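Novice: What follows is each chain in one-letter form.
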Amino acid sequence: MRAHLTGLAMAAAAALVLALLPFQLSGYHQALAAEVGIYFCAVLGLNILTGYTGQISIGHGAFMAIGGYTTAVMSRDHHTNLVVTMLMAFAICFVFGLIVGLPALRLSGVYLALATFALAVSVPQLPLKFSTFLGGSGGVQSAQTVSHTWLYGASWTAAAILFVGAWLILRGRTGRAFRALRDSDVAATSSGIELAVYKTLAFGISAAYAGVAGSLFVLGTNGFAQPTEFGITLSLLLLVGAAVAGLGSLWGVLVGATFVGLLPTISSDVPLIGSTHGQDVVFGAIVVLVMLLLPQGFAGFLGRVARLRARG
Amino acid sequence: MAETSRREGLTEAVELLRPVLRPTPLVLAATVVFLAVGSALSTIFAQQTVAGLAQGAVYASLALALVLIYRATEVINFAQGEMAMACVYVAYQLIQWGLSYWEAFCVTLVVAFLLGIAIQLAVIRPVQHKSVIAVVIVTVGLFILIDGLVTWKWSADIKFMPSPFGTKVYDAGGVAFARQDIGTLVVVIVSVIFLWVLFQFSKLGLGMRAAALRPASAALVGVRVDRMLAIGWGLASVLGAVAGLMAEPAQFVLQPSLMQPILLYAFAAAVLGGLESPVGAVVGGLALGVFLNLVGQYVHFITSELRLPFAFAVLLGVLLVKPAGLFGRARLRRV
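Top line first, the protein sequences correspond to chains C and E.
Counting in our numbering, the first sequence runs from 8 upward without gaps.
Counting in our numbering, the second sequence runs from 40 upward without gaps.
Isolated chain C, as found in the complex (with noise of 0.2 Å):
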C-alpha cells in the first residue's frame, strides 16, 4: 500500500512538473521536450510488446510512418481538426497492428526480428510508389501548423493518457496474461490464457501507440510527413530507448524517452560527438554497453541500488 502510494505522488508530481514546466521553457526547448513526450508514447507502445510480452519488433518506425501519414493526409485532404486525426491514427495502426501481430503469432524470437525488420524497411518505399495519394518521396504537407506550446501540451497530454491506459492494462488481468506469455507460453496457455488473442492485442495497443507518437511526430516537423524520416533509423531508435528504459518497466520509458529525445541537442555542443554521426556512435556504444552491463536498463539498475541500500 506504501509503495503505492509513493508511486502515485510521484506520477502526480512529475505530472505537476509536466505541467508547469512551459511557463518556464522558450519555444525552443518546449519543442524539444515535446519531442521527449513523442519519444515516451511511441516507446511506451514498444515497452508493452517487447518488455511485457516479449515479442521483439524492430518495426516500430512502420507504425510511426503510418500514424504520421494518416494525420498529414486527413489535414491536407479534409482539414479535419488535428486531435481527431490522433485519434485515427491510434485506430488506424490498432488495425495495422492486429494485422501485423496474426502472421506475428506464427514467429517468434528471430523470425519475428527478421520480419519486423522488414516491415520497417518496406512501409517507407510505399509513399514513393503511391505518390499521387501519399506525395512521393516530397512528403505530405498537412493543412494545419501547429505552435511550439500546443505540440508540448498535446504531447505530454497524450502520453499521459496512454500512460495511465498502459498502467491500467499491466496491473490487471490483461498484463498478468501478458507476461505470462512472455515467460513461458506453454505455460500461460495451459494455464487458459488465449495466446493468440493477449498476443495480437499486445501488437495492436503497442502499434496504436507508435501510431499516436507518428502523428504528434509529423506536427512537430511542421505538419509535413515525408519517408525518408520514417527510416530504419527511427526504429532502431525506438528499440535503443525500450533497452536503456529497461525491458517491462513504465516508468523507465520516460529516462529511455529522454535519452533518444535529448542526446542529438545535449551532445550538439560537445566535439566530436556533437555532430549526427557523433550521436549514432554514442547511441550504438550505450545500447552495447547497456546490454552488456545492465541488461534490465535504468530500471534495473535502479532497482538493484534500492536493493543493495535496503540491505544496507
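A portion of the hints provided could be inaccurate.
Across the chosen pairs, the derived CB separations fall in these ranges [unchecked claim]:
1) E:T63 <-> C:F137: 35 to 43 Å
2) E:K192 <-> C:G143: 29 to 37 Å
3) E:K361 <-> C:G179: 34 to 42 Å
4) C:V193 <-> E:I232: 41 to 49 Å
5) C:R113 <-> E:G213: 42 to 50 Å
Distance condition first, Cα-Cα at most 25 Å in a straight line; then the derived DMTMM-like pairs of lysine to aspartate or glutamate [unchecked claim]:
6) C:K136 <-> E:E344
7) E:K169 <-> C:D190
8) E:K169 <-> E:E315
9) C:K136 <-> C:D84
10) E:K207 <-> E:E142
11) E:K361 <-> C:D192
12) E:K198 <-> E:E142
13) E:K361 <-> E:E315
14) E:K361 <-> E:E113
15) E:K169 <-> E:E113
16) E:K198 <-> C:E236
17) E:K242 <-> E:E113
18) E:K169 <-> C:D192
19) E:K192 <-> C:E236
Hints listed in this document are in silico derivations from the structure and should not be mistaken for laboratory results.
Note that the coordinates shown come from a computational prediction; the quantities given were computed from them, not determined experimentally.
We put the beta carbon where it would ideally sit given N, CA and C, even for glycine.
With chain C held as given, fit chain E onto it using these hints.
Specialist: Coordinates of chain E only, in the frame set by chain C:
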C-alpha cells in the same frame, strides 16, 4: 514368383526415385527448366536472368554469412550488412592510398576476418547465452554504432570506387552479358566453394561444424568451442565483405546506406532457403535475385519502389507457409 519380383522391382524403383520426388528438388528443377526455356525464347528474359543471378550472388553471399552465424549460435546478426559496408570503406581507403583493386580486396578480407572475431569476442560472447532479445538488441546497437563510425570517418557524401571488372559487355547470340555481372558471379562462387572446402575437408572446418551442432560434446572431445565460434564470426564477416565489395560496383556509388536494402534481400534469401541451410542460403539468394528481376520486368505494377516491399512479402510468405524454407528441416520442439 514373377509377380513378387515385379512388385519388388517397382518398390525399388520408387525407393530410387524418392530423393528426386521430394518437393524441393522438383521445384528447383522446374525453375531451372523454366529459366532455360525462357532465356532461349527471349533475349530480354535471358539478360534479366543473368543480371538477376549476379545480384542474387550478392544476396547469397550475405545470406550465407547470416546462416553461418545462425547455425552456430541461433542468432541473427542485424549488423552483418553494416560490417560489410565498413569493410567496403576500408577497401576504398586502401585504394585511395594507392593499392590496386585486387590488393585492396585481399587486405580488406583479412581486415574483415579480424573485425568479425573482434566483435564476437568483445560484445557478442558476453550476451550469447542470454535471451534472443538481448542479442538482437546488441547487434542493433552495433548496426547504429558502425554506421556512425563510418560516417564520422568518411562522411556520408557519395564516394566513387573503380569497378574491378570495367564496363565491358559481351555479346552471346544477341544476349548482352555485362562483364561486371559475370565477374560478380565468379567471385561469389569461388568464395562459396572455398568456404565449402574449408568446412568439409579441413580439421578447422570439422571443429567448427562440431562446435555448431553439438557444442557440449565437441568441447568434451577437445574442440575449443569458443574459439570456433569466434572464427565463425570472422568467416561470416569475410563473406559479408565479399558481398559488399561486389555490391558496390553494381551500384556505382559508395555511401553508408549501401548494404541496408541488401540486408533485407539477404534476410529474405536466407529464410527462403531455410535459415539453417548454407546450400539454401546460396540457392535462395540466386533465386531471389532472378525472381525479383523477372517480376520487375514483366509485372508492371511491381516498380523499383516496390522491390523492397516485395522482398518483405516473400520473407513473410515463406515464414508463414513453410517456416523451414526450401532446405531447412522442420524443427520439433519438446514441451
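Novice: So does C:V193 sit 41 to 49 Å from E:I232, Cβ to Cβ?
Specialist: holds, 43 Å
Novice: The hint says 35 to 43 Å between E:T63 and C:F137; measuring C-beta to C-beta, is that right?
Specialist: holds, 36 Å
Novice: Return holds or violated for the Cβ distance of E:K361 and C:G179 against the range 34 to 42 Å.
Specialist: holds, 39 Å
Novice: Hinted pair, alpha-carbon criterion (25 Å max): E:K169, E:E315. Please report holds or violated.
Specialist: Judged against 25 Å, a Cα distance of about 21 Å means the pair holds.
Novice: Between the alpha carbons of E:K169 and C:D192, is the straight-line distance 25 Å or under?
Specialist: holds, 18 Å
Novice: Take the C-alpha atoms of E:K361 and C:D192, compute the straight-line distance between them, and say whether it is at most 25 Å.
Specialist: Roughly 22 Å separates the two Cα atoms, so the pair holds.
Novice: Starting from E:K242, check that the Cα of E:E113 is at most 25 Å away, please.
Specialist: Given pair E:K242, E:E113 holds - Cα atoms ~23 Å apart, limit 25 Å.
Novice: Is the hinted pair E:K361 and E:E315 satisfied, with a Cα-Cα distance of at most 25 Å?
Specialist: Holds: E:K361 and E:E315 sit about 14 Å apart, inside 25 Å.
Novice: Take a quick look at whether E:K169 and E:E113 sit within 25 Å of each other, Cα to Cα.
Specialist: holds, 12 Å
Novice: If you draw a straight line from the CA of C:K136 to the CA of C:D84, is it 25 Å or shorter?
Specialist: holds, 19 Å
Novice: Falls inside 42 to 50 Å, the C-beta gap from C:R113 to E:G213?
Specialist: Taking Cβ atoms as reference, C:R113 and E:G213 lie about 47 Å apart, which means the hint holds.
Novice: Below or equal to 25 Å on CA atoms is what counts here, so check E:K169 against C:D190.
Specialist: holds, 14 Å
Violated hints are absent here; each numbered hint is respected by the structure.
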